[in-house]
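Chemist: Listed below are the residues making up each chain.
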Amino acid sequence: MPIKVEPVEVNIGPQHPSTHGVFRMVAKIDGERIVDVKMVVGYLHRSMEKLAEERTFTQNIPFTDRMDYLAAMSGNLGYCLSVEKLANIEVPERAQYLRVIFGELQRVASHCMATGAFINDCGAWQTPVMWCFRDRERVLDLFEMTCGARLTTNYMRIGGVAFDIPDEFLPALEKLVNDELPKAFEEYEELIVGNEIIMMRARDVGVVTPELAINASLSGPMLRSAGIAWDIRKADPYCVYDRMKFDIPVGYNGDAYDRMTIRIEEMKQSLRIIRQAVGDLPGGAHKTDVPLAIRPPAGEAYSRVESPKGELGFYVVSDGGPAPYRWHVRAPSLINLSVLREMTVGQTIADAIVTLGSIDINVGEVDR
Amino acid sequence: MTLNALRLIPMRSLLDLITGYWWDLRDFSNLTRMIYKHLEDWGFPDWSIYVISGLIGTLGIIAFIGGVAVINIWVERRVVGRMQSRLGPNRLGPFGLLQPVADAIKLMQKEVLQPASAPGLIYTLAPIAFTVPGIAVFAVVPWGRHAVLASLDVGLLYILGMSSLAVLSVFMAGYSSNNKYSLFGAMRVIAMLVSYEIPIVAGLLGVVLFAGTMDLQGIVLFQEENWAFMVMLQPLAFLIYFFAISAELNRTPADIAEAESEIVGGYHTEYSGMKFGLFYAAELINAVSVSAIIATLFLGGWWAYKLDELVPGWMIFIGKVYGVYFLFVWTRGTLPRFRIDQLLAFAWKWLTPMAIINVVVVAAEVLAWEESGWSAGFWIPVFIAVNGALTGALIFGFVKFFAPKFQRFPTRPRFYPDIDVPSLPAVTGAEFMAKGGQA
Amino acid sequence: MTTPLLALTLHLEDVLVVGAALFAIGLYVALSKRNAIGVLMGVELMLNAVNVTLLAFSRFIESEQPLDGQVFAVFVITVAAAEAAVALALAVAIYKHRETVNIDEIDLLRW
Amino acid sequence: MIADNGIVIAFWLLAATTIGCALMVAAVRELVQAVLFLALTFVGAAGMYIVLSADFVAVVQVLIYAGAVSVLMTFAVMLTPAADRRNSETVFQVPALILAGLVLAIVVFVTLDTDWAISDRGAFSATAASLGEAFLKPYVVPFEVASVLLMVAMIGAIVLTQEDEVPPRRQEGE
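Chains as they are written, first to last, in numbering that gives the first Met the number 0: chain Z, 0 to 367; chain Y, 0 to 438; chain E, 0 to 110; chain G, 0 to 173.
Hints are computed from structural coordinates only; laboratory data are not their basis. Note that the structure is a prediction, hence the values are computed from the model and not measured. Just so it is clear, CB atoms sit at the ideal spot from N, CA and C, and this is done for glycine as well. Just to be clear, a hint being listed does not mean it is correct.
As the list claims (entries may be wrong) - Quick list of in silico lysine to any residue cross-link-like pairs, SDA-like style, CA-CA up to 20 angstroms: (1) Z:K49 <-> Z:Q268; (2) Z:K182 <-> Z:I164; (3) Z:K27 <-> Y:K179; (4) Z:K27 <-> Y:V74; (5) Y:K348 <-> G:Q161; (6) Z:K286 <-> Z:M144; (7) E:K95 <-> G:A122; (8) E:K95 <-> G:R85; (9) G:K136 <-> E:Q64; (10) Y:K179 <-> Z:T347; (11) Z:K244 <-> Z:P181; (12) Y:K348 <-> G:M153; (13) Z:K244 <-> Y:V74; (14) E:K95 <-> G:F74; (15) Z:K267 <-> Y:N177; (16) Y:K105 <-> Y:V74; (17) Y:K179 <-> Z:E8; (18) Y:K348 <-> G:V158.
What the hints assert, rightly or not - Derived coverage of chain Z by chain Y (criterion: at least 3 residues anywhere in the stretch with Cβ under 8 angstroms from a Cβ of chain Y; other residues may be distant): (19) 11-23; (20) 111-124; (21) 253-261.
Input sequences plus hints: build the corresponding full structure.
Modeler: Next up, the structure:
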């Protein structure tokens, strides 16, 4: 007969080092084992979707920076695509290539952050975070070079990108893509992927079955770790992704370790895409002329991009005015988070933290 | 006297000039002996000499430990900073050396908050009780041939007892904080102590068997006599002790009691101000005292082949202590944390059996040594070879047969160059492997 | 020779009285506590008192083998450790089956 | 008779600590606090052992009692529910008090009444080695029996606390 226990309720968050922001997880715990988990979101809610209805289409671009602030470029891109779809705007070739380059650079930056923070959640004492930050900083340097901002870039515009790349950008990018980042990824392979303790901590932890992944509409590395080959860049190509050659890494077990390795492999694939895009980069304008206070015809549009976190969709409704009538964001962080209970119940607290880290949520995007 | 003339005087004779005087601090006993002599001349009773020399030693050790607690904040942050490809504290003073002072001033200024429902006495005593054992351990650690405060006949057992007391104070802190995270930390500590006490004691048994004494000075003298560091004779005991004690010290990869990413701060979540500062300092002090124990037991303490004739023993000793301390900082800066069940399994399934096998082998070796009557010159190299081979074989065998087996599926993802949209749901890992692993 | 300022002495009887006091406290705790673990604490106190007494005899009494008292003390500690382990296991086992460790309510053998 | 001022003062300080903490074990309301006071009692008793020139026993006392037994007790206390963690008395409190007082009175009376054969041997020097001799020569049989007892106790404790049905746990990698 097992000892009868009263489960203890523990609040993990909203102020907790591992919740990556103000996210609260009410865990019922029996000893070290989790019996039940309740998620409480909304501490960072800034009402962006409502605010957007009062601002012009162009003015809404900075909002997308501040949703997933670790992947601002992807947010910019997804929003601009949706408005372009609504207003039927043709984007110049060069801008499309630049969008691909910056989108992939942003994926590298975001995945670096996710990997480092994940290993920090496994209990390493800041070292992997610092190493991953080192590589992320290199990418952010390029962003700064181009648009002056590192985090909230606000780079994409409706009809193109805000600025053309400066002259010193391409040499720096080539050095990064061909020399610095491949070396860094080799280090990751040695130090992180092959680390026995990380294997012990992350394998068979936070398992997502393929059925659960599809039923819960997961996307991004969460979905691919469950063994489902799905990537918006392949399934519904935007910009010039249909011209690029790249592979989709897909995991076997759906556990935290798979998600981590998939992120590392995706970074390598991103480098591959960037190399191709730089090779084919055409000349010409970086932006079409679009009025700042653009008034798209009445109607609705949904466009989606593969952000580092998963499928980032923007649904825009216009009534012919200068501001969107309704704006909705399909935030991958929120939807990936929805299976947290299924993933963590039955595990220990330590596993739950690892699981949460491996989902790679961004509370800015969860709460919007 | 010109510089050239100085060179003519041999180094040894210069040293001889000061040998035996109280300012010859190569050996602290010169100082205390001088004090004895004066006290005797002045007609002090015997016991006062005992008390005064004890006080001198105690004050010296406390001064050293106070210095260590301050300087190690800087050392640890600086070293880990380098490992993390950043600089570490570098603003205050030369190389940021004044950073610990700034830290201490900040901590002293902070308000000491105490949970309203905490049992005040236990809450207040816990940080003190946590600090004391780390300092008390130094009483039996030898600093030189004549410089040991208490040459205790049961020194090693004393050290073990003290280190197990520290864990009880961690429980006191965790329990009295009246915080769920703290209680988790406390319970984890208790579970860990129950498991790790055994490999620690069993591991050190090999050292005691070889040295034939539990006196730390005796163990150092054994190493000097046989011209070999204990780490060569007992590599397995060294590894076992190192891993097990890093668990008791709450350092990564075993810092589950204060796992920051899981249970916030563990047992010291509710502590603030200088009470927290005491925990912080005690952590460093405990790390240094364990480094001192390792340096004494396994690395020869103040003895280092011929070197201790030229360099004062206490300098060699401190050098070794910091060498070991660097190992602790290194592991802390490198490794992630185990889960608690993995950590306990590591103690019970790996360290304990290894330690017991080690004890049996060492007992047989000591028996052979005593019974054969052959000299140490023959046996010590044999033991070094045998124990080295045993360590390798045990570690290899345990890794080979008892390592966690996860390799059900490949660790690396498979790649799809193209996706077939309507074919969802796609193949799961199990189906994929059943089909022969072809994408 | 001058008379010392302070001439304190410690006799066997002093130590034995301290041991007896410890024993009496242990006895009281063991007999009066409601919680099984509390009772165990009393038993441990009594064993400690016995150890103090044994060591006092070993230190003060004329004997051929004066260390025998210490040998006994070590045996007492050993047995006490074994006893503590088993008793605590019993407490936990009883708690598993009866959901209480109050000795008032552990009355399986009453009839 | 020990006639060394420092040692006598130390003994009485330690005795006061020990007995005071033992009284606190009986008096405090929280079982966990009682365990912590018990640990302090053990440490104080270890100090008394040192005064009685039994350094090995003292260190073993700290290691086993203060380090292990009290930790084990804490563990057991924390396994029981919070409602049971009071250090309350049964109805036998007054009889127990009377009985303990009687025992104390009798023992003290007998102690003071007996004519002890006091030796003037003085303190033992280091005891660890001679204790080891004693264990492995005259007392080897009890020594082995004690080790068997410990083994039996360990197995017994494991059997007693074993979960009857092993709950399904995920594969932990062992």
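Chemist: Hint by hint, which ones does this structure get wrong, listed from lowest number up?
Modeler: When the structure is compared with the hints, numbers 1, 2, 4, 7, 13 and 15 turn out to be violated.
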